[in-house]
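Asker: Protein chains in written order, with the numbering used here: chain A, 67 to 348; chain B, 67 to 348; chain C, 71 to 381; chain D, 71 to 381.
No lab work stands behind these hints: they were computed from the structure.
Any given hint could turn out to be false.
[What the hints assert, rightly or not] 20 Å max Cα-Cα, derived SDA-like pairs, lysine to any residue:
1) D:LYS284 / C:LEU308
2) C:LYS99 / A:GLY138
3) A:LYS348 / C:SER175
4) B:LYS152 / D:ASP273
5) A:LYS348 / C:PRO122
6) D:LYS251 / C:ARG207
7) A:LYS152 / B:MET67
8) C:LYS121 / A:GLY344
9) A:LYS152 / C:ASP273
10) A:LYS348 / C:LYS99
11) A:LYS71 / C:SER102
12) A:LYS152 / C:THR274
13) D:LYS99 / B:SER74
14) C:LYS99 / A:SER70
15) C:LYS121 / A:TRP346
Source: prediction; values computed, not measured.
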Amino acid sequence: MINSKAASIKAELISNKKAGSYNHMVFSVGELAAHCKPGNFVAIKVGGPTSAMVLRRAFAIYRASMRSDGMGLLELVVAPYGNGSKWLASQEAGSVIDVIAPLGTSFGIPVEPVNALLVGGGYGSAPLFALAETLKQRGCRVDMVLGASTAAKIYAPLEGKRSVNSLTITTDDGSAGTMGRVSDVLSQLIQENEVDVIYSCGPMAMLQAITEISTAHDVVHQCSVEESMACGIGVCMTCVLPVQGDDGVVRMTRTCVEGPVMDGNKVLWSTSREIPDGVWGK
Amino acid sequence: MINSKAASIKAELISNKKAGSYNHMVFSVGELAAHCKPGNFVAIKVGGPTSAMVLRRAFAIYRASMRSDGMGLLELVVAPYGNGSKWLASQEAGSVIDVIAPLGTSFGIPVEPVNALLVGGGYGSAPLFALAETLKQRGCRVDMVLGASTAAKIYAPLEGKRSVNSLTITTDDGSAGTMGRVSDVLSQLIQENEVDVIYSCGPMAMLQAITEISTAHDVVHQCSVEESMACGIGVCMTCVLPVQGDDGVVRMTRTCVEGPVMDGNKVLWSTSREIPDGVWGK
Amino acid sequence: MSINFSTSIAGRFFPTPIFTASGCAGSGKELSQFFPLTSLGAIVTKSIMIKPRSGRATPRMAETPSGMLNSIGLQGPGIDLFLENDIPWLRDQGARIIVSIAGESVEDYAVLARRLRNVPGISALEVNISCPNVENRGQVFACDPTTASDAISAVRRNIGGELPIIAKLSPDVTDIVSIAKSVVDAGADGLALINTLLGMVIDTNSMLPKLSQKTGGLSGPAVRPVAVRAIYQVRAALPEVPIVGMGGVSSGRDAFELVLAGANAVSIGTATFGDPLAAMSITRELEEIVEARGFSNFSDAVGYAHRTEQA
Amino acid sequence: MSINFSTSIAGRFFPTPIFTASGCAGSGKELSQFFPLTSLGAIVTKSIMIKPRSGRATPRMAETPSGMLNSIGLQGPGIDLFLENDIPWLRDQGARIIVSIAGESVEDYAVLARRLRNVPGISALEVNISCPNVENRGQVFACDPTTASDAISAVRRNIGGELPIIAKLSPDVTDIVSIAKSVVDAGADGLALINTLLGMVIDTNSMLPKLSQKTGGLSGPAVRPVAVRAIYQVRAALPEVPIVGMGGVSSGRDAFELVLAGANAVSIGTATFGDPLAAMSITRELEEIVEARGFSNFSDAVGYAHRTEQA
Ligand SMILES: Cc1cc2nc3c(=O)[nH]c(=O)nc-3n(C[C@H](O)[C@H](O)[C@H](O)COP(=O)(O)OP(=O)(O)OC[C@H]3O[C@@H](n4cnc5c(N)ncnc54)[C@H](O)[C@@H]3O)c2cc1C
Ligand SMILES: Cc1cc2nc3c(=O)[nH]c(=O)nc-3n(C[C@H](O)[C@H](O)[C@H](O)COP(=O)(O)OP(=O)(O)OC[C@H]3O[C@@H](n4cnc5c(N)ncnc54)[C@H](O)[C@@H]3O)c2cc1C
Ligand SMILES: Cc1cc2nc3c(=O)[nH]c(=O)nc-3n(C[C@H](O)[C@H](O)[C@H](O)COP(=O)(O)O)c2cc1C
Ligand SMILES: Cc1cc2nc3c(=O)[nH]c(=O)nc-3n(C[C@H](O)[C@H](O)[C@H](O)COP(=O)(O)O)c2cc1C
Ligand code: FES
Ligand code: FES
Numbered sequence: 067m068i069n070s071k072a073a074s075i076k077a078e079l080i081s082n083k084k085a086g087s088y089n090h091m092v093f094s095v096g097e098l099a100a101h102c103k104p105g106n107f108v109a110i111k112v113g114g115p116t117s118a119m120v121l122r123r124a125f126a127i128y129r130a131s132m133r134s135d136g137m138g139l140l141e142l143v144v145a146p147y148g149n150g151s152k153w154l155a156s157q158e159a160g161s162v163i164d165v166i167a168p169l170g171t172s173f174g175i176p177v178e179p180v181n182a183l184l185v186g187g188g189y190g191s192a193p194l195f196a197l198a199e200t201l202k203q204r205g206c207r208v209d210m211v212l213g214a215s216t217a218a219k220i221y222a223p224l225e226g227k228r229s230v231n232s233l234t235i236t237t238d239d240g241s242a243g244t245m246g247r248v249s250d251v252l253s254q255l256i257q258e259n260e261v262d263v264i265y266s267c268g269p270m271a272m273l274q275a276i277t278e279i280s281t282a283h284d285v286v287h288q289c290s291v292e293e294s295m296a297c298g299i300g301v302c303m304t305c306v307l308p309v310q311g312d313d314g315v316v317r318m319t320r321t322c323v324e325g326p327v328m329d330g331n332k333v334l335w336s337t338s339r340e341i342p343d344g345v346w347g348k
Numbered sequence: 067m068i069n070s071k072a073a074s075i076k077a078e079l080i081s082n083k084k085a086g087s088y089n090h091m092v093f094s095v096g097e098l099a100a101h102c103k104p105g106n107f108v109a110i111k112v113g114g115p116t117s118a119m120v121l122r123r124a125f126a127i128y129r130a131s132m133r134s135d136g137m138g139l140l141e142l143v144v145a146p147y148g149n150g151s152k153w154l155a156s157q158e159a160g161s162v163i164d165v166i167a168p169l170g171t172s173f174g175i176p177v178e179p180v181n182a183l184l185v186g187g188g189y190g191s192a193p194l195f196a197l198a199e200t201l202k203q204r205g206c207r208v209d210m211v212l213g214a215s216t217a218a219k220i221y222a223p224l225e226g227k228r229s230v231n232s233l234t235i236t237t238d239d240g241s242a243g244t245m246g247r248v249s250d251v252l253s254q255l256i257q258e259n260e261v262d263v264i265y266s267c268g269p270m271a272m273l274q275a276i277t278e279i280s281t282a283h284d285v286v287h288q289c290s291v292e293e294s295m296a297c298g299i300g301v302c303m304t305c306v307l308p309v310q311g312d313d314g315v316v317r318m319t320r321t322c323v324e325g326p327v328m329d330g331n332k333v334l335w336s337t338s339r340e341i342p343d344g345v346w347g348k
Numbered sequence: 071m072s073i074n075f076s077t078s079i080a081g082r083f084f085p086t087p088i089f090t091a092s093g094c095a096g097s098g099k100e101l102s103q104f105f106p107l108t109s110l111g112a113i114v115t116k117s118i119m120i121k122p123r124s125g126r127a128t129p130r131m132a133e134t135p136s137g138m139l140n141s142i143g144l145q146g147p148g149i150d151l152f153l154e155n156d157i158p159w160l161r162d163q164g165a166r167i168i169v170s171i172a173g174e175s176v177e178d179y180a181v182l183a184r185r186l187r188n189v190p191g192i193s194a195l196e197v198n199i200s201c202p203n204v205e206n207r208g209q210v211f212a213c214d215p216t217t218a219s220d221a222i223s224a225v226r227r228n229i230g231g232e233l234p235i236i237a238k239l240s241p242d243v244t245d246i247v248s249i250a251k252s253v254v255d256a257g258a259d260g261l262a263l264i265n266t267l268l269g270m271v272i273d274t275n276s277m278l279p280k281l282s283q284k285t286g287g288l289s290g291p292a293v294r295p296v297a298v299r300a301i302y303q304v305r306a307a308l309p310e311v312p313i314v315g316m317g318g319v320s321s322g323r324d325a326f327e328l329v330l331a332g333a334n335a336v337s338i339g340t341a342t343f344g345d346p347l348a349a350m351s352i353t354r355e356l357e358e359i360v361e362a363r364g365f366s367n368f369s370d371a372v373g374y375a376h377r378t379e380q381a
Numbered sequence: 071m072s073i074n075f076s077t078s079i080a081g082r083f084f085p086t087p088i089f090t091a092s093g094c095a096g097s098g099k100e101l102s103q104f105f106p107l108t109s110l111g112a113i114v115t116k117s118i119m120i121k122p123r124s125g126r127a128t129p130r131m132a133e134t135p136s137g138m139l140n141s142i143g144l145q146g147p148g149i150d151l152f153l154e155n156d157i158p159w160l161r162d163q164g165a166r167i168i169v170s171i172a173g174e175s176v177e178d179y180a181v182l183a184r185r186l187r188n189v190p191g192i193s194a195l196e197v198n199i200s201c202p203n204v205e206n207r208g209q210v211f212a213c214d215p216t217t218a219s220d221a222i223s224a225v226r227r228n229i230g231g232e233l234p235i236i237a238k239l240s241p242d243v244t245d246i247v248s249i250a251k252s253v254v255d256a257g258a259d260g261l262a263l264i265n266t267l268l269g270m271v272i273d274t275n276s277m278l279p280k281l282s283q284k285t286g287g288l289s290g291p292a293v294r295p296v297a298v299r300a301i302y303q304v305r306a307a308l309p310e311v312p313i314v315g316m317g318g319v320s321s322g323r324d325a326f327e328l329v330l331a332g333a334n335a336v337s338i339g340t341a342t343f344g345d346p347l348a349a350m351s352i353t354r355e356l357e358e359i360v361e362a363r364g365f366s367n368f369s370d371a372v373g374y375a376h377r378t379e380q381a
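Excised from the complex, chain A in its bound form (with noise of 0.2 Å):
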């Protein structure tokens, strides 16, 4: 089912800023702010009334706060790339925007402190840096991997710095940290961190590289997956994706309800085009 708070609402942009290639995005959303874990996304209408675009716009949840003031607070790191995000983007703070939230599945986390590695791909760092606070409250050691294509890319605001034990900085172009791929770094940092679990969001193929490494290390790896998705709901059956059941069956399974946040381990990953092999009702 899909998540059981989630509703639809008119919320007002508060404040827009430039953080880097990103704008990160402030709506005051009232009491549904305290009903989002990390994990959990949006789904945002764009192109105002008369817009051409009649498909929402996906967005991973930043931060979720009710301020002392009462006021419930939604913030996001929207990277302005096509029609949906650049209109978005372009809104100026005042604007009234219709949100859908929260949507999707949250980030387990574990009851007993340990040893947390999050990975973030572009502006996959986005959830992770909530997750980070929470897992920290909880006494846990929270690492953390962001790669990017070039500096610009990558997001990582001071604060949200503040709540890793280390960050480790990975760009295509060697423009900022370690030239190369999170991938390259993650087995060192498994092993030197102890690492009991991985957190990580980003493309499917950073995340599919993650799942070979968790799966060779034998660490859990929970993953913020991201298909397209037309309705963000669980109706229209566009963001599916091949994931084992409990049942040991594999399954064409809703990302936007089942997901996005999902085992990892679990996920038959493919860049084939095809429907794998086993799934049910191929």
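Once you have looked at the hints, place chains B, C and D with the ligands on chain A.
Answerer: Structure of chains B, C and D with the ligands alone, referenced to chain A:
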């Protein structure tokens, strides 16, 4: 051929104010303002970059002027009606709007002073005020009749009223001026003021009614027609009316290039949604 | 408001004329979080096949100007689990249920009809014949009058006398009226118009078709003029046959356009993806418009745009 | 830029692959005020008939989501005045000219072909067969393989060996590939895809069809997925036949999508109504994209989205 001065420009919206049921909108258009004549219209792109509206909207030029500081101003009177005009009317000063101007024919100005009667329906009064000024400068007597369904839909700014010898107002509901239609008061005004030429702009049914009266009184009738236009520049053939040419032949004639100002007595008015008999090529 | 807003399709009564479109509301569970399913005229369930089905590989969708392409490929649990889980749940909600079925052979349609004939609580069967016929070179049933009527006859013969059959047609044909006539002759009690149009999007970065299956079905406001035309043509040719209209409806105005063309009810598809509450706001707006235009019975507005021809 | 941006259609050379679409640029006079016609690959003139034609009554158009409907009804001066006025003027401009013709009978097409066969300065003939055939209950030529090929054969027999024939097809058919094959067999040297889709808009105030003719042709970005699909299917089936693609192109990206699907040239229709300079900006953007994707010859990009099948 299309208006030889027509050009496609980005114009800054300088001001946008409510005036009764309408918005009075001022654009900075540079040199182009010098080429705009009473009766010309402009074609405006509506809805922004991701709009589902693919066609421009036509608006009669209310006023165009070159300021002493060299700034060229273009003024429109916009009725917020459907998606396009509502979008335009909702734009704020500072917005940059895509405008093609000037387009179409203009009102013919007599070389000798004559007695002119200007008749406007709804926002159809817009182009008549600049025309009134020009006619006054040429020494004409200028009487004006404005009609609308209700008082708020009469557009008659103070400075505009100053340039006419008399102003008669009619409203369907009697909320301002005489209760009734402009056509009810025309015959009397034509006789009283010894009118030589009628200039009109408004709904097609009004123009048809005026034509009947002008024909009966043997008065010249220049009207600005409003057929729905897809291109505004003469390439699509959507905006046609059956009009008699100088050779006596009635052709389906493009009102965007051979209009919007046309000789009302040459138009075959019809409400039948059929091509009238005798039209060339029927 | 005081107008009679109910409609009937082949003798079945629906308190409002707004339905969900098959494949755009699942089996109702998710939408029930946003509104009670009883406020819909009916829920039309996602087309169900005999066996469980994985559907197509992703990417399965692409947004297009004022529309979208999909190639879900009829993912679903198969008729057994559907009857076990979805129908009882929907009955518990008190929802009016129209079950959509899809097959790959004429026999599939016959089997599905037999499985459904004695299931209580169903208002009608919608027969999705926009499916490739594996016995006929993958040609879509709905694209040929003979194969279309074969599928409908199979349902007719196996469904018994009770349940009305609504045949859902594809607009991707040269002459939709001839298909409509053939399925009505084969026993369809009503028609659903229109399914999606065949389209394709090419990703200009990868320079390959965006969907894994290359082509997909086009839906959304972009196709509304095609839906209105199809409904108008079929209503003119078959004035007595009830029509469930759909295609690009996202407002009460849009729904009213399909009603004027001849739709006795209107299904909401793609609009639900943009707004989970779309069916509710459309219901409200449509009722307002119908009343504002002076109709005291919704059914008097059905096909009203044809009145000049009748005069 | 240094890429080879030229294209050829049935042996005729065009310096750029962007054309105007028939009926969306008149005979070029108006657009020449915005840019020199020589910067177009070619101007495709409004379909001309034998006699002068008034076209349909207004309203002739309605805007739709991301598109528009038109029912101009082929208003035009007839072939005599066209040859007297438009062709010489276009020749004087140095424009490359593709003349579009339309008829109401097979004989009409034959007559038009004879009138054009010896006219100098024309690059090709585009044969618009999306017209009602008065000899066959008004059925549109392009909707049936036989009538479509009859019209094209008539042109082929009467045009002589010189002028390439481009047959323009309607997407309103069950199987566009079979129509394409039949007109190529009948002598078409190239294909133009797609003409408009049949649609309708109902005015919810008057509660009557918005267009005086009720139905009209749907064009604009809304139909682009249908155009891409049609071009892709026909290119796959007839890899050697040149295609002039059109349907909803309003940017270089859009044009590139049609090229990847298989278009050797791309015509710009409805986009010109929104922006008289559309053909120019699209030309510029397309050249940039083709170069950015690493092609040194435009023609290498044509049909590039088919490469997986070929591998
Ligand atoms: C669960 C989920 C969470 C998401 N969270 C975020 C988020 O926190 N921040 C955010 O900016 N976006 C996020 N997205 C992506 C977002 O939903 C949109 O896809 C994105 O904004 C592009 O939409 P558009 O309209 O601008 O582009 P469109 O024209 O719709 O293009 C979308 C296409 O571009 C690809 N794409 C999207 N973004 C990029 C990019 N930055 N670089 C390269 N390719 C890209 C997509 O895979 C897709 O194929 C998320 C998506 C999902 C499903
Ligand atoms: C030559 C010309 C000059 C024009 N000058 C002006 C002008 O100075 N000011 C102005 O506001 N508009 C003017 N218009 C009308 C304008 O072009 C648009 O049609 C109008 O703004 C509606 O566009 P829309 O997108 O809002 O509505 P759409 O959704 O496109 O609806 C348009 C439809 O509504 C009808 N309609 C348009 N306006 C009204 C109205 N106010 N009341 C009732 N029905 C209406 C039209 O006939 C048409 O059928 C002019 C049109 C032409 C052709
Ligand atoms: C994602 C998606 C899935 C669909 N699945 C089905 C289906 O299973 N069976 C069916 O008959 N129609 C299906 N359709 C078609 C819709 O029911 C409807 O006919 C079509 O989308 C046009 O309506 P719309 O424009 O309101 O979406 C589907 C459409 C979409 C967009
Ligand atoms: C107003 C209008 C008039 C048209 N007239 C013709 C015509 O005379 N002959 C023809 O072959 N196609 C005609 N078309 C179809 C276009 O040439 C083109 O095939 C179609 O509009 C799809 O392209 P687009 O989406 O870029 O407009 C016309 C289209 C429009 C919008
Ligand atoms: S996005 Fe619609 S089911 Fe997941
Ligand atoms: S509006 Fe296109 S020709 Fe007049």
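Asker: Regarding the pair LYS348 of chain A and SER175 of chain C, is the alpha-carbon distance no greater than 20 Å?
Answerer: Roughly 17 Å between the alpha carbons, so the hint for LYS348 of chain A and SER175 of chain C holds.
Asker: Is LYS121 of chain C close enough to GLY344 of chain A, meaning Cα to Cα at most 20 Å?
Answerer: holds, 15 Å
Asker: Does the alpha-carbon distance linking LYS152 of chain A and THR274 of chain C stay inside the 20 Å limit?
Answerer: With Cα atoms ~19 Å apart, LYS152 of chain A and THR274 of chain C stay inside 20 Å; holds.
Asker: Between LYS284 of chain D and LEU308 of chain C, does the CA-CA distance stay at or below 20 Å?
Answerer: holds, 18 Å
Asker: Is the straight-line distance between the alpha-carbon of LYS152 of chain B and that of ASP273 of chain D 20 Å or less?
Answerer: holds, 19 Å
Asker: Given the hinted pair LYS71 of chain A and SER102 of chain C, is their alpha-carbon gap at most 20 Å?
Answerer: holds, 13 Å
Asker: Given the hinted pair LYS251 of chain D and ARG207 of chain C, is their alpha-carbon gap at most 20 Å?
Answerer: Status holds; Cα separation ~19 Å.
Asker: Check whether the Cα positions of LYS348 of chain A and PRO122 of chain C lie no farther apart than 20 Å.
Answerer: holds, 8 Å
Asker: Is the Cα-Cα distance between LYS152 of chain A and MET67 of chain B 20 Å or less?
Answerer: The hint is violated at about 40 Å.
Asker: For the pair supplied as a hint, LYS99 of chain D and SER74 of chain B, is the alpha-carbon distance within the 20 Å limit?
Answerer: Given pair LYS99 of chain D, SER74 of chain B holds - Cα atoms ~17 Å apart, limit 20 Å.
Asker: For the pair supplied as a hint, LYS99 of chain C and SER70 of chain A, is the alpha-carbon distance within the 20 Å limit?
Answerer: holds, 12 Å
Asker: For the pair supplied as a hint, LYS348 of chain A and LYS99 of chain C, confirm whether the alpha-carbon distance does not exceed 20 Å.
Answerer: violated, 24 Å
Comparing the model with each earlier hint shows violations of hints 2, 7 and 10; every other hint is respected.
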